[in-house]
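Please model the entire structure based on the sequences and the hints provided.
Taken in order, these protein sequences are the chains called R and H.
Going by this note's numbering, the residue at position 181 of the first sequence is 181; the numbering climbs one at a time, nothing skipped.
Going by this note's numbering, the residue at position 170 of the second sequence is 1170; the numbering climbs one at a time, nothing skipped.
Read the hints as simulated data drawn from the structure, not as lab findings.
A short list of chain H residues far from chain R (calculated; beta carbon distances all over 10 Å):
1) G1019
2) I1049
3) K1245
Here are the simulated lysine-lysine pairs, BS3-like style, with alpha carbons at most 30 Å apart:
4) K1027(H) with K84(R)
5) K84(R) with K1133(H)
6) K84(R) with K40(R)
7) K1133(H) with K1027(H)
8) K1027(H) with K111(R)
9) K111(R) with K1133(H)
10) K164(R) with K111(R)
11) K1133(H) with K164(R)
Glycine is no exception: its CB is placed at the ideal position from the N, C-alpha and C atoms.
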Amino acid sequence: MPFDENISFDNGIGGGQEVPSNGTSSVARVVPAIEFRDVKLAFDEQVVLDGISFTVRRGETKIVLGGSGSGKSTIINLILGLIKPDAGNILVDGEDITGFDDQELMRVRRKIGMVFQEGALFDSLSVYENVAYRLAEEGVDEDEIEHEVRRMLQFVGLEDAIEKMPVELSGGMRRRVGIARALVGNPSIVLFDEPTAGLDPPTARTICELAIKLRDLEDVSSIFVTHEMNNLDYLSSEYAIVDEKGYVHFESEGDRLCLVNTGVIMLRDGCIIFSGKDEQLRAANDPYIHRFIRGK
Amino acid sequence: MNLISRFILELQGIGMLLGRMLRGLRKQPRYFGEIVMQLDRIGVGSLGIVILTGFFTGGVLILQAYPTLRYYGAQSSAGQGVATTLIRELGPVLTALMVAGRVGSSISAELGSMVVSQQIDAMRALGTSPVRKLVSPRVIALILALPLLTVASDIFGLLGGGIIANQIYGLDASVYTSSVRAGVDIDDLIGGIIKPLIFGLIIGIISCYKGLSTTGGTVGVGRSTTNAVVLASISVIIADFFLSKMLQGLFNSTLF
Ligand SMILES: Nc1ncnc2c1ncn2[C@@H]1O[C@H](COP(=O)(O)OP(=O)(O)OP(=O)(O)O)[C@@H](O)[C@H]1O
Ligand SMILES: [Mg+2]
Chain R
1 MPFDENISFD NGIGGGQEVP SNGTSSVARV VPAIEFRDVK LAFDEQVVLD
51 GISFTVRRGE TKIVLGGSGS GKSTIINLIL GLIKPDAGNI LVDGEDITGF
101 DDQELMRVRR KIGMVFQEGA LFDSLSVYEN VAYRLAEEGV DEDEIEHEVR
151 RMLQFVGLED AIEKMPVELS GGMRRRVGIA RALVGNPSIV LFDEPTAGLD
201 PPTARTICEL AIKLRDLEDV SSIFVTHEMN NLDYLSSEYA IVDEKGYVHF
251 ESEGDRLCLV NTGVIMLRDG CIIFSGKDEQ LRAANDPYIH RFIRGK
Chain H
1001 MNLISRFILE LQGIGMLLGR MLRGLRKQPR YFGEIVMQLD RIGVGSLGIV
1051 ILTGFFTGGV LILQAYPTLR YYGAQSSAGQ GVATTLIREL GPVLTALMVA
1101 GRVGSSISAE LGSMVVSQQI DAMRALGTSP VRKLVSPRVI ALILALPLLT
1151 VASDIFGLLG GGIIANQIYG LDASVYTSSV RAGVDIDDLI GGIIKPLIFG
1201 LIIGIISCYK GLSTTGGTVG VGRSTTNAVV LASISVIIAD FFLSKMLQGL
1251 FNSTLF
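Written out as structure tokens, the structure is:
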């Protein structure tokens, strides 16, 4: 398991649990969770990534912006090793996965949770079986699986849908089941591919809160691909804390601290045209970035 | 040229999938449950159409051959003709073609839609190998089921031939049965089982390959399904020729 037993996801309904300490040793923390080194990729003639380099530190959330077709999903697929780069290196927890075979990739994928753009639920399996999938494959015993699945579904607010089949769910529900499936087994890295696209604002907000909790309370490193500017606002200006009673609160930066564990990168034409904090992004005077943020 | 290189690429892809499947068989977990489920879907599910096909094929063989046999006064060996043709050729080939149509298409459509809806990616992302979880059980189930289906088809073909011979041409049932016995030897039976084993492998690996290599959304699923059935059927017929040739050499059969 990537992190301590005593940490659990909790919606703030349950009783006192502690804020996890940063248990990882300081040496291990220096190694980035994800690192891209001059990665290049082309599909046939079309160059999709043209020398991408960035890092996601441990416990950091990297928000990836960029127009449709700019290669955001491609970056995520590269991290999972679903596709291979033409040149450059991709490191996960300091391991260069570029030359890994399937067997080694399977081991790396075990510590990564992936939320697919369209949910990508298994149609032939029920919601329960979908969420349980990873644990069932690992041969965890049934009682433990059931407990974990119920906890995860409660986390995304879908306990009632446990017996349903994916076709019976709405788009937003499918997405949330996808999130539950990705988070089972406590991955230390979570990749979100436009998790809020096409959802109503409150549900989208819930998903952002979820990502914030993972970042601040579970020390999860993540990549959060999005088009929505309010997602950027939530993720880069709010943080989660747990009070004495064990309730989770969200507070805005500024009153107490400034968030350092969230960065933004923006892709365009295969290159990273911006990398930094959200304040810098808003202050940038590149006309493309301007238009992207304000939509005009 | 383009066609040839595409053919070679296709062959390479199929070969690589087969290689990965064989290598995966040595590793845990082995998904026995999946194999049983596929056996039920493929084997039990195809039994009906295979029996019907066999029955009427046997029937039509007698229908066409009997008048000629009678002309030469050889109606007592009608059973022998049906048995040899069915067990050596028509049983294995027609069963394989029916299964290619029914099961091959459903496998490639199923895997193809899993590809386009990213379920295959999700499976890999969750640390499972689609080759071991999806391909191996289907191919193994086909290899196990096809010989059994072929036997069923053979039996019902002989039955069909017997009924037609008896009902339409008034051939005595015991004459028919004894000539069937005379017509079948052990080589035919072995050959009749070896063929479907190979056909099962061919249908399974081709339809899985076609399904997994689907591109281009839902339109692509339709395309790969068609391609899977066409390629599997043609391959079965071509393989049948070479297998027959090989078996002939193996058993030194002079009857052909
Ligand atoms: N398998 C593939 N074969 C060929 N081209 C591809 C493939 N996958 C992606 N592309 C191309 O790569 C580019 C980047 O695609 P990608 O899916 O990464 O975009 P994206 O940034 O995620 O877009 P969106 O916001 O619409 O999801 C696109 O132009 C697409 O046409
Ligand atoms: Mg995308």
